[in-house]
Amino acid sequence: MLFAFVPLALFCVAQQPPTPSPAPQAPAPPPPRFVVVLDGAHGGDDTGAHIDRGQLEKNANLALNTRLRSLLSARGIQVVTTRESDTSVDLNRRAEIANHANAAACLSLHASESGSGIHLFASSIAPTQPTRFIAWKTAQAPWITRSLGLAGSVNSAMSQAGFSVTLGRIPLPGIESMTCPALAIEVGPQRDSDHKITAEPDNPDYQARVAAALAAALLEWRSDPTRTESRQP
Amino acid sequence: MIPRYQKILLVALLIASLGMGFKLWQLRERAHKRLLAGETTAPTKAPDVAPAEQATLIAANDLDNSLVPQVHSLPLPADPGARARAVLGKLLDLYAAPDATHPVSGGAASVAQVFLLPVPGSTTTQASGDQLAVVNLTGSFAASHPSGLEAESLTVLSICATIHANLPNVTEVRFLVDGQQRPTLAGHADLTRTYLTADAAPSEGNRQ
Chain A
2 MLFAFVPLAL
12 FCVAQQPPTP
22 SPAPQAPAPP
32 PPRFVVVLDG
42 AHGGDDTGAH
52 IDRGQLEKNA
62 NLALNTRLRS
72 LLSARGIQVV
82 TTRESDTSVD
92 LNRRAEIANH
102 ANAAACLSLH
112 ASESGSGIHL
122 FASSIAPTQP
132 TRFIAWKTAQ
142 APWITRSLGL
152 AGSVNSAMSQ
162 AGFSVTLGRI
172 PLPGIESMTC
182 PALAIEVGPQ
192 RDSDHKITAE
202 PDNPDYQARV
212 AAALAAALLE
222 WRSDPTRTES
232 RQP
Chain L
-6 MIPRYQKILL
4 VALLIASLGM
14 GFKLWQLRER
24 AHKRLLAGET
34 TAPTKAPDVA
44 PAEQATLIAA
54 NDLDNSLVPQ
64 VHSLPLPADP
74 GARARAVLGK
84 LLDLYAAPDA
94 THPVSGGAAS
104 VAQVFLLPVP
114 GSTTTQASGD
124 QLAVVNLTGS
134 FAASHPSGLE
144 AESLTVLSIC
154 ATIHANLPNV
164 TEVRFLVDGQ
174 QRPTLAGHAD
184 LTRTYLTADA
194 APSEGNRQ
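Going down the list, the protein sequences come from chains A and L.
Note that the working numbering has the first sequence beginning at 2, numbered continuously upward.
Note that the working numbering has the second sequence beginning at -6, numbered continuously upward.
Extracted from the complex, chain A is given alone in its bound form (with noise of 0.2 angstroms):
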């Protein structure tokens, strides 16, 4: 009798609904890597500029240099520097490094007496498509469109900070060769409406303010939906 009920039982064991066991799901995605090179110009023998007082360029740029690192690590940003301190950083370097990096923006800080207020430059070099082999002299051109993207996030951010900013393209060797979106962002006086110098580029206060309008442009550009897509070209 008992036998009899132990095929039973196994059938109405096999008969029962399977017991809702939660789905397999995919493991989510990690969030894309948000990597900024700063590069700090010159540094080293190459003394850049001579802005006031005799001070030196180099030291401007890597003076901003950790402050912007410093407030881009406090909002969770990877930084990957060129330089930490005074010393010499070839520019095929510089670009090896921020290459390296597969990075979603790489900044060249400068700081000059002429002018005024921010300048800010991408490279001249032509848009390209990308392509398997890219020139390393021309390495920049594929991603001159997200570079350009990538200046008016900082034109935007810097503007409603209450900078002035002027806009260019130019000829920049360093940055020809990296391949993320790039800019060359140079500090130059703050002026009044007279144009007479209400702050240096060294001015601690002003490079904090610099330093705190570049990390919203950055934080923008982070959200910005053609920023990812921007990663690879």
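It is worth saying that the hints were derived from the structure and are not from the lab.
No experiment lies behind these values; they were computed from the predicted model shown.
Warning: the hint list may mix true and false statements.
[To be verified] Some, not all, of what chain A presents toward chain L, calculated at C-beta under 7 angstroms:
| # | residue |
| --- | --- |
| 1 | HIS111 |
| 2 | SER115 |
| 3 | SER117 |
| 4 | GLY169 |
[To be verified] Have a look at the derived ranges for each label pair, beta carbon to beta carbon:
| # | chain 1 | residue 1 | chain 2 | residue 2 | range |
| --- | --- | --- | --- | --- | --- |
| 5 | L | VAL61 | A | THR132 | 37 to 43 angstroms |
| 6 | L | ALA75 | A | ARG133 | 46 to 52 angstroms |
| 7 | A | ARG76 | L | GLY74 | 55 to 61 angstroms |
| 8 | A | SER71 | L | GLU46 | 57 to 63 angstroms |
| 9 | L | ALA45 | A | THR146 | 44 to 50 angstroms |
| 10 | A | ASP206 | L | ASP72 | 51 to 57 angstroms |
| 11 | A | ASP53 | L | GLU46 | 38 to 44 angstroms |
| 12 | A | SER89 | L | THR49 | 41 to 47 angstroms |
| 13 | L | ASP92 | A | TRP137 | 39 to 45 angstroms |
| 14 | A | THR132 | L | ARG175 | 28 to 34 angstroms |
| 15 | A | ALA136 | L | GLU46 | 40 to 46 angstroms |
| 16 | A | ASP91 | L | VAL61 | 33 to 39 angstroms |
By construction, the Cβ of each residue, glycine as well, lies at the ideal position given by its N, Cα and C atoms.
Given the coordinates of chain A, work out where chain L should sit on it, guided by the hints.
What follows is chain L alone, placed relative to chain A:
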């Protein structure tokens, strides 16, 4: 007793000395006459100065990063190379003025030479007469030039655009400093490359 051959030699030397003295006196007289005659051929009229013509200078402005055309009247030589040098000299004189919008010291003397050459390359460009201008700047100009991406780029682009505005056949420009190739003008603007004048067209800048 003096030998006879020595007497003959002495007489010959004496005659030669007298002859040379006479010839020297003749040459002196001839030179004196030539000097007196030269006074009459001295220039009495100043050389003709090239007539003044309209030249377009593409002047830079640091405050808005712009290149703006300006028309000036200045004497322009007929030779294209000298013409380019004269135009660039005027442009750099503007930059050396106290109220310049793009202050750079040096002035006209900063352009040592401008050489015009056929554009190296295909036969089509040679047939169209395209030219390469090689601008030789002085070392003192480069040494005193303000350093910066904007300042240096504006100088280079305004030179390229000014040459093209006055010599439309010039499509490419290269730079030398004291006759040598130099990596940058003052630490930023690349002087090793060939600049296309079409890329240096004037713009109104983009100040926000």
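Here's how the hints hold up against the structure:
The beta carbon of HIS111/A is positioned within 7 angstroms of a beta carbon in chain L (closest approach about 6 angstroms), and the interface hint is therefore held. About 4 angstroms separates the beta-carbon of SER115/A from the nearest beta-carbon of chain L, less than 7 angstroms, and the hint is met. The beta carbon of SER117/A is positioned within 7 angstroms of a beta carbon in chain L (closest approach about 5 angstroms), and the interface hint is therefore held. For GLY169/A, the interface hint holds, since its Cβ comes within 7 angstroms of a Cβ in chain L; the closest pair sits about 5 angstroms apart.
Restraint check, VAL61/L to THR132/A: a C-beta distance of roughly 39 angstroms satisfies the suggested window 37 to 43 angstroms. At roughly 50 angstroms, the beta-carbon separation of ALA75/L and ARG133/A lies within the given 46 to 52 angstroms, and the hint holds. The hint said 55 to 61 angstroms for the Cβ distance between ARG76/A and GLY74/L, and at roughly 57 angstroms that hint holds. The hinted range of 57 to 63 angstroms is satisfied by SER71/A and GLU46/L, whose Cβ atoms lie roughly 59 angstroms apart.
For ALA45/L and THR146/A, the Cβ-Cβ distance of about 47 angstroms falls inside the hinted range of 44 to 50 angstroms, so the restraint holds. Range check, ASP206/A to ASP72/L: about 55 angstroms between beta-carbon atoms, so the 51 to 57 angstroms window is met. Between ASP53/A and GLU46/L the beta carbons are some 42 angstroms apart, a value that agrees with the proposed interval 38 to 44 angstroms. Distance hint for SER89/A and THR49/L: a CB-CB separation of about 42 angstroms, consistent with the stated range 41 to 47 angstroms.
Separation of ASP92/L from TRP137/A is about 44 angstroms and conforms to the stated range, judged on CB atoms against 39 to 45 angstroms. For THR132/A paired with ARG175/L, a C-beta distance near 33 angstroms keeps the hint of 28 to 34 angstroms intact. The beta-carbon spacing between ALA136/A and GLU46/L, approximately 43 angstroms, falls within the hinted interval of 40 to 46 angstroms. For ASP91/A and VAL61/L, the hinted distance range of 33 to 39 angstroms is satisfied, since their beta carbons lie about 37 angstroms from each other.
Comparing the model with each numbered hint stated earlier shows that all of them hold.
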